[in-house]
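Chain A: place on chain D using the hints.
So the sequence lines, in the order shown, correspond to chains D and A.
Residue numbers for the first sequence follow numbering that gives the first Met the number 0, beginning at 0 and rising by one.
Residue numbers for the second sequence follow numbering that gives the first Met the number 0, beginning at 0 and rising by one.
Calculated directly from the structure, the hints in this document are not laboratory data.
Please note: incorrect hints may appear among the correct ones.
Partial list, computed: chain D residues near chain A (C-beta under 7 Å) [stated by the list, open to error]:
1) F32
2) V36
3) R42
4) D46
5) S54
6) P61
7) L243
Ranges of calculated distance between the beta carbons of each label pair, as one might list FRET restraints [claimed, not checked]:
8) A:A183 x D:R263: 30 to 40 Å
9) D:G125 x A:A187: 22 to 32 Å
10) A:A183 x D:E123: 22 to 32 Å
11) D:R76 x A:A118: 46 to 56 Å
12) D:A190 x A:G231: 49 to 59 Å
13) D:R43 x A:Q237: 50 to 60 Å
14) A:H256 x D:A271: 27 to 37 Å
15) A:I239 x D:H58: 32 to 42 Å
Here are the simulated DSS-like pairs of lysine-lysine, each with C-alpha atoms no more than 25 Å apart in a straight line [as the list claims (entries may be wrong)]:
16) A:K50 x A:K224
17) D:K97 x D:K141
18) A:K224 x A:K28
19) A:K153 x D:K97
20) D:K215 x D:K141
21) A:K274 x D:K101
22) D:K101 x A:K181
23) D:K101 x A:K116
24) A:K116 x A:K102
25) A:K116 x A:K274
26) D:K261 x D:K141
27) D:K260 x D:K139
28) D:K97 x A:K98
29) A:K153 x D:K101
30) A:K153 x A:K38
31) A:K153 x A:K181
32) A:K274 x D:K141
33) D:K101 x D:K139
34) A:K28 x A:K38
35) A:K224 x A:K38
36) A:K28 x A:K5
Only a predicted model underlies this, so the values are computations on that prediction, with no experimental measurement involved.
Glycine is no exception: its CB is placed at the ideal position from the N, C-alpha and C atoms.
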Amino acid sequence: MPVGTETTTAFERVQLARHPDRPYTLDFIERLFDEFVELHGDRRFADDPAIICGSARFHGLPIVVVGHQKGRDTKQRSYRNFGMPKPEGYRKALRVMKLAEKFGRPIFSLIDTPGAYPGIDAEERGQAEAIAFNLREMAKLKVPVIVTVIGEGGSGGALAIGVGDQVMMLENSIYSVISPEGCAAILWKDAKLAEQAATGLRLTAQDLFAENIIDKIIKEPPGGAHNDYDQAARYLDAALSERLAQAVSYSQEERLTRRYKKLRAFGRWGTA
Amino acid sequence: MPWFSKKSKQIEAVPPEERVVKTENVFVKCDECEAHLYKRDLDESLQVCPKCGHHFRIGARERLSMLFDGGVYEELDAEVISIDPLEFVDTKPYKQRLKQAIKSSGVPEAIVSGRGKVADHPVFAGAMDMSFIGGSMGSAVGEKVTRLIERALKEHAALVLFSASGGARMQEGALSLMQMAKIAAALAALDEAQLPFISVLTDPTTGGVTASFAMLGDIVIAEPKALIGFAGPRVIEQTIRQKLPKDFQRSEFLLDHGMVDAIVDRREQRDYLGKLLNFMLNPEITGASEMDRLRSRAISGD
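Pulled out of the complex, with its shape left as it was, chain D reads as follows (with noise of 0.2 Å):
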């Protein structure tokens, strides 16, 4: 199979999203960052292990990181409840990111979620509350905030920490209104056209890009970030650094002005 190329299928790009070995938010955290300590619990109802926040410092300027977490096997990942949070998770990535506002620091979120969690727990404490709330929360935040999707862009669930100045992809990473099994099922009654619903649906990096709904593709070493941690993260490094640098040099003004633009700008409509 041709990994990591251009001839990569989408379905391709989906298993390597979803690889058990493909580097998850600590595993970039550890090699990204120093000094960081992790921030628990949205002071309401609970701490969510979905999702990971924190102060560090990178390349030594302090900053805040908040990221959803997958479990590498089967303890961590029920403990991480596979990476799908709660209501609990998005006001718990909020708080801190209000933290980054108030001293001034730029915000990195990195995104691997299958979505977020559909549970009657979840629905009782306003999963989609907390979601909806984040979005238009975010798109105020005095900050730089620079997205970076590293496997899973799980819809709402991925969006609720990924509204900012700029998004980037993993070039194996997904982002997607639904799961293709998700899609089969509903549209075709059958989840086993993921495949072809992987195609339709357009997920990919190199299709997001196309379509301007993303900024930037992060380059992966070859066959996909699972196969070097360390060099996945370099790419990753650079490129933050990048976008990062370029958004500060915007007054605050400028940025939340173009970061109204972009999102003001998402769609294709036609005219009678």
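Coordinates of chain A only, in the frame set by chain D:
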């Protein structure tokens, strides 16, 4: 002539109550694991049991010496002390309680404030002392905390508060209650000025202290297994007439319920606070030089 004779007849028998081997101040028994600990070891480990990690309660002055660089700080507002505005009498007159508290606790009020450096950052810190009327917050505590906040504002420094309290001081009635509002208002100004406040919850933090400044930190951390809550466990048990689970209102319970950012061992607190202050107090990055450095990284990395 006898071989031995008493040179002096002044020698008296040791009274029975003094006939004990003096181990006081040499060994301490851990409240948690009951291990006998050599006091010097315990001092070295900052009053944390080296065997089981139990955190002994400590006094305000001790706390501040542990916090500041080199253990050095300047004590502030020591002249602010409690009076008896309501002429309150419970089992004892409040005035008498105050006198006793000052004598037995060795601190002038239930909080000691100080100015110093932590990891080289300017910090104003206050530590509460349980041995002064249960660490309760009356007008004087409220005033000292508020002044500390105002000083941090004026000097553009960080605020760190260690709480250890049974709550508001009943003997001052609503005046105590209003300290909660007064401090919270001052904290709002600190927040507006984008200055950091780190709240450290120690055993026990309850009542009006929890329900005001203790929970308003930009960062709230707790010592392991500290009792933290609003209504104390005894009050809850008496109200609902149910036994409470063992870990209820302990730090770990609070972490699970999203109320604290982290549980930090006393022995790691200085280092931890240092990192946070680096994050919160270093100048904002707008500088071109740092960005040029990043940009050059970006180019070389690609």
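Status of the hints after comparison with the structure:
This hint is violated: D:F32 has a C-beta 11 Å from the nearest C-beta of chain A, more than the 7 Å allowed. Of the supplied interface hints, the one on D:V36 holds, with its beta-carbon coming within about 5 Å of a beta-carbon of chain A, less than 7 Å. Checking D:R42 against chain A: minimum C-beta separation of about 6 Å stays under 7 Å; hint holds. Interface restraint check for D:D46: the shortest CB-CB distance to chain A comes to about 5 Å, inside 7 Å, so the restraint holds.
The beta carbon of D:S54 is positioned within 7 Å of a beta carbon in chain A (closest approach about 4 Å), and the interface hint is therefore held. Given hint, D:P61 at the interface with chain A, holds; its Cβ is 5 Å from that chain's nearest Cβ, closer than 7 Å. Nearest Cβ of chain A to the Cβ of D:L243: about 6 Å, under the 7 Å cut. The hint holds. A:A183 and D:R263 have their C-beta atoms about 39 Å apart, which keeps the hinted 30 to 40 Å range intact.
At roughly 27 Å, the beta carbons of D:G125 and A:A187 sit within the given window of 22 to 32 Å. Here the CB-CB span from A:A183 to D:E123 is close to 30 Å, well matched to the stated 22 to 32 Å. A C-beta distance of roughly 37 Å is found between D:R76 and A:A118, which places it outside the suggested range of 46 to 56 Å. At about 54 Å, the beta-carbon gap between D:A190 and A:G231 stays in the expected band of 49 to 59 Å.
A beta carbon spacing of about 28 Å between D:R43 and A:Q237 contradicts the range 50 to 60 Å that was offered as a hint. Distance hint check: the CB atoms of A:H256 and D:A271 are about 54 Å apart, inconsistent with the given range 27 to 37 Å. About 54 Å separates the C-beta atoms of A:I239 and D:H58, a value inconsistent with the hinted range of 32 to 42 Å. At most 25 Å may separate the alpha-carbon atoms for a hinted pair to count; A:K50 and A:K224 meet this at roughly 15 Å.
Taking the CA atoms of D:K97 and D:K141, the gap is near 9 Å; set against the 25 Å cutoff, the hint holds. Distance restraint check for A:K224 and A:K28: the Cα-Cα separation of roughly 18 Å lies within the 25 Å cut-off, and the hinted pair is therefore satisfied. In summary, the hint linking A:K153 to D:K97 is supported, as the alpha carbons are separated by about 23 Å, within the 25 Å threshold. The straight-line distance between the Cα atoms of D:K215 and D:K141 is roughly 22 Å, inside the 25 Å bound, and the hint therefore holds.
With a C-alpha separation of about 17 Å, the suggested pairing of A:K274 with D:K101 holds against the 25 Å cut-off. A hinted pair counts as satisfied when its Cα atoms are at most 25 Å apart, and D:K101 with A:K181 qualifies at roughly 22 Å. For the hint pairing D:K101 with A:K116, the CA-to-CA distance comes to about 22 Å; that is within 25 Å, so the pair holds. With a C-alpha separation of about 30 Å, the suggested pair A:K116 and A:K102 falls outside the 25 Å cut-off, and the hint is violated.
Straight-line distance between C-alpha atoms of A:K116 and A:K274 comes to about 13 Å, which keeps the hinted pair within the 25 Å bound. At most 25 Å may separate the alpha-carbon atoms for a hinted pair to count; D:K261 and D:K141 meet this at roughly 16 Å. At roughly 12 Å between alpha-carbon atoms, D:K260 and D:K139 fall within 25 Å of each other, so this suggested pair holds. Distance hint between D:K97 and A:K98 is unfulfilled; the C-alpha atoms sit about 45 Å from each other, more than 25 Å.
Restraint check: the Cα-Cα separation between A:K153 and D:K101 comes to about 18 Å, which is no more than 25 Å; the hinted pair holds. For the proposed pair A:K153 and A:K38, the alpha carbon gap of about 41 Å is over 25 Å, so the pair is violated. Between A:K153 and A:K181, the direct Cα distance comes to roughly 18 Å. Compliance with the 25 Å bound is thereby established for this hinted pair. Proposed proximity of A:K274 and D:K141 is supported: the alpha carbons are some 23 Å apart, at most 25 Å.
Proximity of D:K101 to D:K139 is assessed by CA-CA distance (about 13 Å); at most 25 Å being required, the pair is judged to hold. Proximity of A:K28 to A:K38 is assessed by CA-CA distance (about 9 Å); at most 25 Å being required, the pair is judged to hold. Proximity of A:K224 to A:K38 is assessed by CA-CA distance (about 22 Å); at most 25 Å being required, the pair is judged to hold. With a C-alpha separation of about 42 Å, the suggested pair A:K28 and A:K5 falls outside the 25 Å cut-off, and the hint is violated.
In summary, the numbered hints that this structure violates are 1, 11, 13, 14, 15, 24, 28, 30, 36.
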